Amino acid sequence: MTVALSGKDLATKIDKAISQTVIGIADNSITVKSQGLFQVAKFLKETPELEFDLLVNISGVDYMDYFEVVYHLVSLKHNHSMVLKTVCLDRDNPAVPSVVSLWRGADFLEREEYDLIGIRFEGHPNLKRIYLWDGFKGHPLRRDYL
Amino acid sequence: MEIASFEWKNPLEKSAELDKAEGQTIEQIRTMAQQKCQDPDQWLDRDLKHNVIVTSIDAVINLGRRYSVWPVNFGLACCAFEMIALAAPRFDISRFGMELFRSSPRQADLMIVAGTLTWKMAPQVKRIYEQMPEPKWVIAMGVCAISGGTFAESYSVVPGVNCIVPVDVYVPGCPPRADALLYGITRLHDKIKKDTFRPLK
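In the order they appear, the protein sequences are chains A and B.
Quick note on numbering: the first sequence equals residues 1 to 146 in the numbering used here.
Quick note on numbering: the second sequence equals residues 1 to 201 in the numbering used here.
No lab work stands behind these hints, which were simulated from the structure alone.
This structure is a prediction, so every number in the text was calculated from the model and none was measured.
Straight-line Cα separation of at most 30 Å, DSSO-like style, residue types lysine-lysine; simulated pairs:
1) A:137 to B:120
2) A:137 to B:126
3) B:126 to A:128
4) A:33 to A:8
5) A:128 to B:120
6) A:42 to A:85
7) A:77 to A:16
8) B:36 to B:49
9) A:128 to A:45
In silico contact screen, one side only, chain A against chain B (beta carbon under 10 Å); selected entries:
10) 138
11) 140
12) 145
13) 146
Each residue gets a CB set at the ideal place from its N, CA and C atoms; glycine is no exception.
Work out the full structure: start from the sequences and follow the hints.
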């Protein structure tokens, strides 16, 4: 098993590099502003003592008031892991920056989120539906679907 | 109460006569049996005599169809594993001449729709059905294929495979055991037995 890093330590490290992006700190996760997500992800991937080189999963959560996007990151070199979260408040046109340029595995994961929750990933090279067919109306895993 | 009078006779007194009569009968039969009975098919020549059975076209063609139903080799979900178990030695559908799961629909007669059919998969299943040559049959295996099952109200699942292709036999279960599918196949055999052969125009 990987060692889950504490949110507090990570937040201080991120704050030192990119100021005023961390908006929430939990035991082993941090929440950042969606505008600064790409910079934080780049920092987490490229800083030598962190070096999160593997993106395990991306999930989307619908809290009705806002959407949350959750990134599970693992470092194979240091054998530690963390959870990175971001929020988007705009329900009609939710958008977060894409991390495909950092982790290629994000390609299908972001397309799945776009398909089922309807969050757009700005900068994704091929953002189209993956599970459902072209022409499907709505995003079925939203709480207000049906 | 008076006991009915009974005249006892020694059976051995007549036994010699009985034995004699029996011996004469056997001797008579033996003399008569020197000539063999005539074969009613004697007028046929030898090849015909050994190879012809008179029956109806329907019976013969349905017999052939019934015991050579080749299924098409595809499975959609967990029901497919029960279908595989049916083909394996424990349940062994080769007893019914069905062990040849054809990977090409053009060589298959039976489509076992084993599992949940999603709308995204529906065009492919319809195409496989249309590529199969006549006569063809369809078994809907499991509740998902019958009616959509738990996913009947879902946004992505076809509510019953008979929305896409006509179904001959429904096998309920989640998933149905291999012996339930085997029973469904025997029901299909009964159905094929009742078919009437019609040559193509």
